[in-house]
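> Add chains V and L to chain U, keeping to what the hints say.
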Amino acid sequence: MSKWIPRRVRLLTLAFIAALLLPLAVRSPFALHVLVLLGIWVVLSESLNFVTGFAGQLALGHAAFVTIGGYVGSLLMIHRGWSFWAAILLGGGSAFISGLVLGVMALRLRGDYLGMVTLGFGEIIRLLAVNLVSITRGPMGLPGIPRPVIFGYKFSGQLPYYYLILALIALTHISIERMLFSRFGRACLAIRDDEVAAEAMGVRSYTYKVLAFCISSGYAGLVGVFYASWATLFSPDSFKLDDSIMMSVMITLGGIGSLLGPIPGALGIGALPELLRPFTTGARIASLRLAGVGLVMVVFLILRPQGIAGMSTEKIYISLDPIRKLLIRRGDSEPGEGSP
Amino acid sequence: MTELLRTEAATKIFGGLVAVDSVDLRLEEGQILGLIGPNGAGKTTLFNLITGFDPATSGEVYFKGERITHLSQPEIVSRGMCRTFQILRIFRNLTVLDNVLIGMHTRSRGSVLDALLHTPSAMAEEKRMREKAMHYLELLGLAEHARDIASSLSYGDQRRVEVARALAAEPDLLLLDEPAAGMNLAEARSLTAFIEWIRTELGKTILLIEHNMRVVMPIADHVVVLSQGKKIFEGTPDEVQGSTEVIEAYLGEAYIRQMKRRAAHA
Amino acid sequence: MSWEFILQQLISGVAIGMAYALIAIGYSMVYGILKFINFGHGAVYMVGTYIAYFSWRYLMDRLPLWPSFGLAVLIAVLGSAIFGVLMERVAYKPTRGRSRLTTFMSSVGVSLIVTYGMEFLVGPEPRPVPALFPGVRFEVGGAIVTGTQIFMFFVALALLLLLQWFVMRTYIGKAIRATSEDIGAAYLMGINIDVPISVTFAIGSAMGALAGIMIGIYYSAVYPTMGWIAGIKGFIAAVTGGIGSIPGAMLGGLLLGMGENLGAGFLTSGYRDAIAFTVLILVMLFRPTGIFAREQRSSL
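Chains as they are written, first to last, in numbering that gives the first Met the number 0: chain U, 0 to 339; chain V, 0 to 265; chain L, 0 to 299.
The set of hints was computed from the structure by calculation and includes no laboratory data.
These numbers come from a predicted model, not from an experiment.
Take the hints with a grain of salt, since some may be wrong.
[Unchecked claim] Okay, the calculated beta carbon distance ranges per label pair: (1) L:GLY183 / V:SER77: 32 to 40 Å; (2) L:GLY96 / V:GLY202: 39 to 47 Å; (3) L:PRO93 / U:PRO22: 40 to 48 Å; (4) L:ASP193 / V:GLY14: 30 to 38 Å; (5) L:ARG271 / U:THR206: 33 to 41 Å; (6) V:ARG256 / L:ARG88: 54 to 62 Å; (7) U:ALA270 / V:ALA142: 42 to 50 Å; (8) L:TYR218 / U:GLY151: 54 to 62 Å; (9) V:LEU16 / L:PHE285: 21 to 29 Å; (10) L:ARG88 / U:ALA270: 25 to 33 Å; (11) V:HIS134 / U:SER155: 58 to 66 Å; (12) V:GLY39 / U:ALA270: 52 to 60 Å.
[Stated by the list, open to error] Covered stretches of chain V (chain U as the covering partner; in silico rule of three or more C-beta atoms under 8 Å from a C-beta of chain U): (13) 70-80; (14) 98-106; (15) 113-120.
[To be verified] Sample of chain U residues with no beta-carbon within 12 Å of chain V, all distances over it, derived: (16) ARG9; (17) VAL33; (18) GLY80; (19) VAL148.
The beta carbon of each residue, even a glycine, is placed where N, CA and C say it ideally should be.
Just chain U, with the same shape it has in the complex (with noise of 0.2 Å):
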């Protein structure tokens, strides 16, 4: 009995094995090193959609559970000996209440004042980071953060890290698509679409939006310890409201509630310093990326706003048209009950 397979699954598939084997063509470190930025990117940019784009709340303090997960794994690591392996969980972990704190507090206001307090909450936490210097060393960050060990081997240059970022990428969106596919994933898509009407066909819908930025939040936590572990050096610095904001323009560029939009959102924000340098020196490249950035969360918002990897439609919010598209093929039946 052949299974059909959507054609959404069978691209991802196909970039997955193009990303396994792209080591055997890209060997330099720093061209890797890259990569492995860009992976980052694309997870926190998954995880961001899954709040905003489809749960419909706005989040522009996402870097705080980064850091917070960050330090938290990178101060087991360091202090009690954890293995990055249990560290990483915990990391996520504590990443999951701070989201579950903020969000019970800040989930009952509306988008845009949503935006403001949790851009207010991911400042509150990287002052916390920069003055208590007995927990966390302030700017100075901590460092010696060790690398992590499986089966006894010792992670040692960029590979390792390649693979674990493909693996945790791999991990965040397949089990992002099943919580979307599911009871809890529709409840989220119609709180998004018309919360009121969502409450009056008995979602509660609080409790979700608290879960979805519980859950995002915890996946952020996640890429903390990782990349603590990954620049064995984890500050205030590491990620700021800047990066949250990036994160935004990332979901924008790709298509906000799309599936795979956070994709090449990331991987498209997250080059532009490439693509830049030839136009600037070094050290002003960090400030035309930024206004790159602005630029580009601009000019798709006004005339593209569902983005790339979105279906042509009016507002922002209306990009549930590429999981239809990717969903429905016009005479065949749905892939199978639940999973793709």
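Relative to chain U, chains V and L alone:
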């Protein structure tokens, strides 16, 4: 017959405006109650009070004997009450099937963990839900549109999606807010039969707001008339049609006086 | 912990609070009329300040202190007003029909473009600002009040009063209030809504520039990212006082300024900004419509 719904002195005040003024309502199981009155009489606001959309300023609402006055919408829905909206509020960007599946939210289980792990019980539940949802779509003649995005349907079909969605919540009490709005004669007739069918075949109790008397009068057991927030009359459809207060409320005192003067001169 | 210390903090707080109030005006008025949070306001504040800075630097050698300053301020006010109007036309007007969120995100983009574009052009290093009242200081109850602080307070107060008069008594002010009340109705009444909207942006931007000039002089520095944090604080002030309300902006600004200074005085100064954000979260939790709430809404 057992009482299903009761409001006692239900009142809603917006700033200076008394939208609903101390309304007593009583609905028995298996009844169809028609709620009529001129525009702005407070009918939809009363619906909102009953369903938890808007909290009552004062007064009480009882459903199945339980006091539900300040409960939230989800809490009330899970107790067996569901509504449609006067201005269509379906999930425009979801598929028709998904719309109905959301309606089934309170009648289904499935946590995030189940979704992530694809447990056999979760998968079976999902299957059951989809089959049930399709069943409701077939009831409303929408089965062929299951996979279409809701906003792509005609207005009339969209209204039917809303009804299917409300039915999927398996409510004991269904509140319909002007379901016949915008319908022509044939459609209204078919709707009337359908509402009656919901009562007899599905065993539901119905509270119905309608302007179209051709829909309300044939099927309603009992009619309540609101005007400017107050209940001005209630009775059987025949009694309502004969009542001068009701006619006055709809047509206005001045008009009645004018009619009487003309009749006197004739 | 002494009374003089607390008094000192309060006095500084009042001065800076009035500047926050001026920034808050920009958010308040724009929110009132277009119902979205203009994240780009901070950037305009910065641009206006830089215009003043460069103008003043240029004129300083050619004119005496006060005329050069006055002229620089004038140029900045005009420049920032024009900039604000342009910003609205280019980045916000196209998104007018769409959700608030779209426009808000657009404003975030604008903020990035302007802030980092400026940083690209002039470099990230802070530039020193000459003092306006060197050495002028008074003693009040054991605390010191500088000339700059007095200047800030009275100028800001005058501006706020002027604005209140403008909004209440002039025709355009009425048009702005009408459009803020109900944009659809205003349009149907024949008001060309672009005009009140542009005027709102012009006023808000000019106020922001003036606030930036004051703050630049107060801290003796201008730098491209000064708009970020000042903007957010202005927003917090606006929300605390009640968004859409001019007296609210002033109250919010004062509360924020004083609260910040007191808090930073007792904790480490590193937490200064954190206080502002904590205020934001507290306000959002307990009284999201602000102190002078114009509209009571159950869900903000």
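> All hints are to be evaluated individually against the structure, with a verdict given for each.
Hints versus structure:
Against the hinted window of 32 to 40 Å, the Cβ-Cβ separation of L:GLY183 and V:SER77 comes to about 38 Å, which satisfies the hint. Distance hint check: the CB atoms of L:GLY96 and V:GLY202 are about 46 Å apart, consistent with the given range 39 to 47 Å. In this structure the supplied range 40 to 48 Å holds for L:PRO93 paired with U:PRO22, their Cβ-Cβ distance being about 44 Å. The hinted range of 30 to 38 Å is satisfied by L:ASP193 and V:GLY14, whose Cβ atoms lie roughly 32 Å apart.
Between L:ARG271 and U:THR206, the C-beta spacing of about 36 Å keeps the proposed range 33 to 41 Å intact. Between V:ARG256 and L:ARG88 the C-beta distance comes to about 58 Å, which sits within the given range of 54 to 62 Å. Between U:ALA270 and V:ALA142 the beta carbons are some 47 Å apart, a value that agrees with the proposed interval 42 to 50 Å. The hinted range of 54 to 62 Å is satisfied by L:TYR218 and U:GLY151, whose Cβ atoms lie roughly 56 Å apart.
Between V:LEU16 and L:PHE285 the C-beta distance comes to about 28 Å, which sits within the given range of 21 to 29 Å. Against the hinted window of 25 to 33 Å, the Cβ-Cβ separation of L:ARG88 and U:ALA270 comes to about 32 Å, which satisfies the hint. Checking the proposed 58 to 66 Å range against V:HIS134 and U:SER155 shows it holds: the Cβ atoms sit about 59 Å from each other. Range check, V:GLY39 to U:ALA270: Cβ separation about 59 Å, and the 52 to 60 Å hint holds.
Residues of the stretch 70-80 of chain V lying with their CB closer than 8 Å to a CB of chain U number 5, which satisfies the three-residue condition for coverage. Counting residues of the stretch 98-106 of chain V whose CB falls under 8 Å from any CB of chain U gives 5; the rule of at least 3 is met. Only when three residues or more bring their CB closer than 8 Å to a CB of chain U does the claim for the stretch 113-120 of chain V stand; here the count is 4, and the claim holds. Residue-level check passed: U:ARG9 sits 20 Å from the nearest beta carbon of chain V, beyond 12 Å.
Distance to chain V confirms U:VAL33 as a non-interface residue, since its nearest Cβ pair spans about 31 Å, more than 12 Å. Separation of U:GLY80 from chain V is adequate, the least Cβ-Cβ distance of about 31 Å exceeding the 12 Å criterion. The beta carbon of U:VAL148 sits about 27 Å from the closest Cβ of chain V, which is more than 12 Å, so the claim that it is off the interface holds.
Hint check: no violations occur; every hint is consistent with the structure.
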